[in-house]
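Here is how the chains run, residue by residue.
Protein chains: 6
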Amino acid sequence: MSIAAFPGSFDPFSAGHHDIAQRALRMFDRLVIAIGVNVEKKGLYTAEQRKAYIEALFAASDRVEVCTYEGLTVDFCKSIGATHIVRGLRNAADFSFEYAAAQANKAMLPDVDTVLLPAAPELAFVSSTLIRDVLKSGGDAAPLLSK
Amino acid sequence: MSIAAFPGSFDPFSAGHHDIAQRALRMFDRLVIAIGVNVEKKGLYTAEQRKAYIEALFAASDRVEVCTYEGLTVDFCKSIGATHIVRGLRNAADFSFEYAAAQANKAMLPDVDTVLLPAAPELAFVSSTLIRDVLKSGGDAAPLLSK
Amino acid sequence: MSIAAFPGSFDPFSAGHHDIAQRALRMFDRLVIAIGVNVEKKGLYTAEQRKAYIEALFAASDRVEVCTYEGLTVDFCKSIGATHIVRGLRNAADFSFEYAAAQANKAMLPDVDTVLLPAAPELAFVSSTLIRDVLKSGGDAAPLLSK
Amino acid sequence: MSIAAFPGSFDPFSAGHHDIAQRALRMFDRLVIAIGVNVEKKGLYTAEQRKAYIEALFAASDRVEVCTYEGLTVDFCKSIGATHIVRGLRNAADFSFEYAAAQANKAMLPDVDTVLLPAAPELAFVSSTLIRDVLKSGGDAAPLLSK
Amino acid sequence: MSIAAFPGSFDPFSAGHHDIAQRALRMFDRLVIAIGVNVEKKGLYTAEQRKAYIEALFAASDRVEVCTYEGLTVDFCKSIGATHIVRGLRNAADFSFEYAAAQANKAMLPDVDTVLLPAAPELAFVSSTLIRDVLKSGGDAAPLLSK
Amino acid sequence: MSIAAFPGSFDPFSAGHHDIAQRALRMFDRLVIAIGVNVEKKGLYTAEQRKAYIEALFAASDRVEVCTYEGLTVDFCKSIGATHIVRGLRNAADFSFEYAAAQANKAMLPDVDTVLLPAAPELAFVSSTLIRDVLKSGGDAAPLLSK
Numbered sequence: 001m002s003i004a005a006f007p008g009s010f011d012p013f014s015a016g017h018h019d020i021a022q023r024a025l026r027m028f029d030r031l032v033i034a035i036g037v038n039v040e041k042k043g044l045y046t047a048e049q050r051k052a053y054i055e056a057l058f059a060a061s062d063r064v065e066v067c068t069y070e071g072l073t074v075d076f077c078k079s080i081g082a083t084h085i086v087r088g089l090r091n092a093a094d095f096s097f098e099y100a101a102a103q104a105n106k107a108m109l110p111d112v113d114t115v116l117l118p119a120a121p122e123l124a125f126v127s128s129t130l131i132r133d134v135l136k137s138g139g140d141a142a143p144l145l146s147k
Numbered sequence: 148m149s150i151a152a153f154p155g156s157f158d159p160f161s162a163g164h165h166d167i168a169q170r171a172l173r174m175f176d177r178l179v180i181a182i183g184v185n186v187e188k189k190g191l192y193t194a195e196q197r198k199a200y201i202e203a204l205f206a207a208s209d210r211v212e213v214c215t216y217e218g219l220t221v222d223f224c225k226s227i228g229a230t231h232i233v234r235g236l237r238n239a240a241d242f243s244f245e246y247a248a249a250q251a252n253k254a255m256l257p258d259v260d261t262v263l264l265p266a267a268p269e270l271a272f273v274s275s276t277l278i279r280d281v282l283k284s285g286g287d288a289a290p291l292l293s294k
Numbered sequence: 295m296s297i298a299a300f301p302g303s304f305d306p307f308s309a310g311h312h313d314i315a316q317r318a319l320r321m322f323d324r325l326v327i328a329i330g331v332n333v334e335k336k337g338l339y340t341a342e343q344r345k346a347y348i349e350a351l352f353a354a355s356d357r358v359e360v361c362t363y364e365g366l367t368v369d370f371c372k373s374i375g376a377t378h379i380v381r382g383l384r385n386a387a388d389f390s391f392e393y394a395a396a397q398a399n400k401a402m403l404p405d406v407d408t409v410l411l412p413a414a415p416e417l418a419f420v421s422s423t424l425i426r427d428v429l430k431s432g433g434d435a436a437p438l439l440s441k
Numbered sequence: 442m443s444i445a446a447f448p449g450s451f452d453p454f455s456a457g458h459h460d461i462a463q464r465a466l467r468m469f470d471r472l473v474i475a476i477g478v479n480v481e482k483k484g485l486y487t488a489e490q491r492k493a494y495i496e497a498l499f500a501a502s503d504r505v506e507v508c509t510y511e512g513l514t515v516d517f518c519k520s521i522g523a524t525h526i527v528r529g530l531r532n533a534a535d536f537s538f539e540y541a542a543a544q545a546n547k548a549m550l551p552d553v554d555t556v557l558l559p560a561a562p563e564l565a566f567v568s569s570t571l572i573r574d575v576l577k578s579g580g581d582a583a584p585l586l587s588k
Numbered sequence: 589m590s591i592a593a594f595p596g597s598f599d600p601f602s603a604g605h606h607d608i609a610q611r612a613l614r615m616f617d618r619l620v621i622a623i624g625v626n627v628e629k630k631g632l633y634t635a636e637q638r639k640a641y642i643e644a645l646f647a648a649s650d651r652v653e654v655c656t657y658e659g660l661t662v663d664f665c666k667s668i669g670a671t672h673i674v675r676g677l678r679n680a681a682d683f684s685f686e687y688a689a690a691q692a693n694k695a696m697l698p699d700v701d702t703v704l705l706p707a708a709p710e711l712a713f714v715s716s717t718l719i720r721d722v723l724k725s726g727g728d729a730a731p732l733l734s735k
Numbered sequence: 736m737s738i739a740a741f742p743g744s745f746d747p748f749s750a751g752h753h754d755i756a757q758r759a760l761r762m763f764d765r766l767v768i769a770i771g772v773n774v775e776k777k778g779l780y781t782a783e784q785r786k787a788y789i790e791a792l793f794a795a796s797d798r799v800e801v802c803t804y805e806g807l808t809v810d811f812c813k814s815i816g817a818t819h820i821v822r823g824l825r826n827a828a829d830f831s832f833e834y835a836a837a838q839a840n841k842a843m844l845p846d847v848d849t850v851l852l853p854a855a856p857e858l859a860f861v862s863s864t865l866i867r868d869v870l871k872s873g874g875d876a877a878p879l880l881s882k
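Protein chains in written order, with the numbering used here: chain S, 1 to 147; chain G, 148 to 294; chain D, 295 to 441; chain W, 442 to 588; chain P, 589 to 735; chain V, 736 to 882.
Derived from the structure by calculation, the hints contain no laboratory data. The C-beta atom is built at its ideal place from N, Cα and C for all residues, glycine as well. It is possible that some hints are incorrect.
With a straight-line Cα cutoff of 30 angstroms, these simulated DSSO-like cross-link-like pairs (lysine-lysine) come out [as the list claims (entries may be wrong)]:
{"no.": "1", "chain 1": "V", "residue 1": "Lys786", "chain 2": "V", "residue 2": "Lys841"}
{"no.": "2", "chain 1": "W", "residue 1": "Lys482", "chain 2": "V", "residue 2": "Lys776"}
{"no.": "3", "chain 1": "W", "residue 1": "Lys482", "chain 2": "D", "residue 2": "Lys430"}
{"no.": "4", "chain 1": "S", "residue 1": "Lys136", "chain 2": "G", "residue 2": "Lys198"}
Have a look at the derived ranges for each label pair, beta carbon to beta carbon [what the hints assert, rightly or not]:
{"no.": "5", "chain 1": "S", "residue 1": "Ser61", "chain 2": "W", "residue 2": "Met442", "range": "17 to 23 angstroms"}
{"no.": "6", "chain 1": "V", "residue 1": "Leu779", "chain 2": "S", "residue 2": "Ser146", "range": "55 to 61 angstroms"}
{"no.": "7", "chain 1": "S", "residue 1": "Ser61", "chain 2": "W", "residue 2": "Ser578", "range": "53 to 59 angstroms"}
{"no.": "8", "chain 1": "G", "residue 1": "Leu191", "chain 2": "W", "residue 2": "Ser578", "range": "55 to 61 angstroms"}
{"no.": "9", "chain 1": "V", "residue 1": "Gly806", "chain 2": "W", "residue 2": "Asp470", "range": "42 to 48 angstroms"}
Okay, the calculated bits of chain V under chain W, using three or more residues with CB under 8 angstroms as the criterion [unchecked claim]:
{"no.": "10", "stretch": "822–834"}
{"no.": "11", "stretch": "839–848"}
Please model the complete structure; the sequences and the hints are all you need to start from.
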């Protein structure tokens, strides 16, 4: 059985994240959306709020689980028996970052492979940072939150 | 009439910014240099100092206006009736960032188009961060501030 | 009066090229679409076919002219009195190429400035090479040719 | 059932390709290694030689099939009922190319998703071009051909 | 006599830094490993700890010196009579940053040239940030700290 | 004694190549400018013409040698006892190519290290391809050929 971890801050979970998760579900038996919590950094939403939001989005799928974790992604992956890590790729800057992360994770946990999904072009500009900026300015973030 | 917004932090306005603004003036009827103010982040110069500095640089041109704004760039653009957003491009990392910003702005404000001007090679290394570092170290930032 | 040259091989002129040209028309008084002809390289379409195709697309606009040229882009620009060169940017690889071209052109013809327009995300994958591949395979290239 | 197409020229199939194929086998029920044949371009090996070589490598796996095809990758994918396309990513230049290809394929065949696997760092420099250069110079290409 | 400065935060000095320093020693008569101290930013290790750690690594080489400095790298280079600055390059994002830094340093100190060494592929994912994350999570950072 | 090979096609040797070679001379005891000859590809200049041109440029330096070679760069490096390979870096696209080449060469010849020199910004747009285009169009290539 294949189990993919989809790690991120998800503050908040964007339409781009949603798209990646749905596409991952077509490839893996189980998908664990893993909300990385950095206790030193206050987010816009609490980890619990993010978890509840994502769980609601995937309420219809019993193959999706939503978790929070602290510390290294590889330690979380080990704890759930993940076989893969899945991440989205929006542009060349993302690539440099994700490639290094993939190799770091492989060095620490060789049995878990990283899979990169190219962002849908109409969602490639969407980031959690952008959504937070729109929300802070009182703008309408709805089109950035769901497809 | 074409009206270009040139948004940035401009803390301070560099020789590279100056070059972009002058080239934009050759393309657009009016140029609004828009100083984005982030109330959560204390800059080296106040928004008023930055504004006064840029206004002095363009005192001779009645087609240039200098403004400060808070919040989303698209909201500012709407408020001034901008037809274009102009930004400089120094390298491939800049490109990834600016491409995402251009698409985000287009999604939120479809009638305003983004125009990217490649930095002059002799100014491509100049950034406001570098100038602040030079100033903090007591160095001579003059060649980085004006062409 | 501002005159922009939009140079390329345009073999064929794609939906992406069409988008760039239309956006350039919003910025410049005149737009000269300049089909670069490389006599050493046989294209899919002749220069005349490309010219006729593009002219038909812009038949309604008297501010657009379509030309063919051989040799350096800067020499063509000089011959038509261009004030700007306009080009599309689809990705980071494009950027490296276009940045070098912009600086080369500036070194040879300092008075003509290069303006880069970020490709619309839904068209960023479109290239003349792709269209030629689709046509050779008997596929339907229509969605790649016009918006 | 998931069926991944792994398309390429594979002239020859490198240690890097081998690694990608083995990792793809851990994700998909079936893997079809698809040798794209360009009749206008003479390769170092014939399509039949490449096919025989790859088949020998995967003789032990009944979930792998090796095919040759002409024309568009999407047409081949449709003919075999592929659910996914898998490709390796070695560097940022690869990314720009693969991102455009992924979007082009999605535009033409929306039901087939592209999955990108980051190259193993110790194999990221390996390319078929390099192997051909080594072979032409009488060098030892063995370490580049199998892991 | 050639004197290379190898500047960085080195919080901590990684296996990647170690590799770059050893390779630099094969090119330059003297190597000065220069720990840049940012008084506004609290690191994981103090400047003294970093210095002691690096000195221990190079205790056997009398051509290596370890220093701490505040302010601009160019000012430090001038103070030690450096002829070169050496830096590692891990990926395209690094390149954009290092290229700008090299040009900035050259503009301020034309006689000192920057030399970039491509990271060993098996170490290209190693960063001080990664090591700090591993240490904070109670993981084993030893393989990231020495070759 | 350090011996650097500076390999390239040099068809022709540009102002950018000249700059890299002069900077390499400040780092290495000997510099061997190595003109790679591809018998399958007719250049603008013959290998002998390129060699004579470069030799004339460095006639005053007895630490420079100019050679032609066929086949793999690593085989040439071995034949001259090179300790280093030196190459220029103009942009992020160059980096992807040069990084792969450096790792390929290291895999085949571990004792020879690759050193990358960032191009001078005012020369970063110069390429042999550009110079050939200018020459074919009857333009003045002099500023591109020497500093």
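Give me the numbers of the hints this structure contradicts, sorted from smallest to largest.
none
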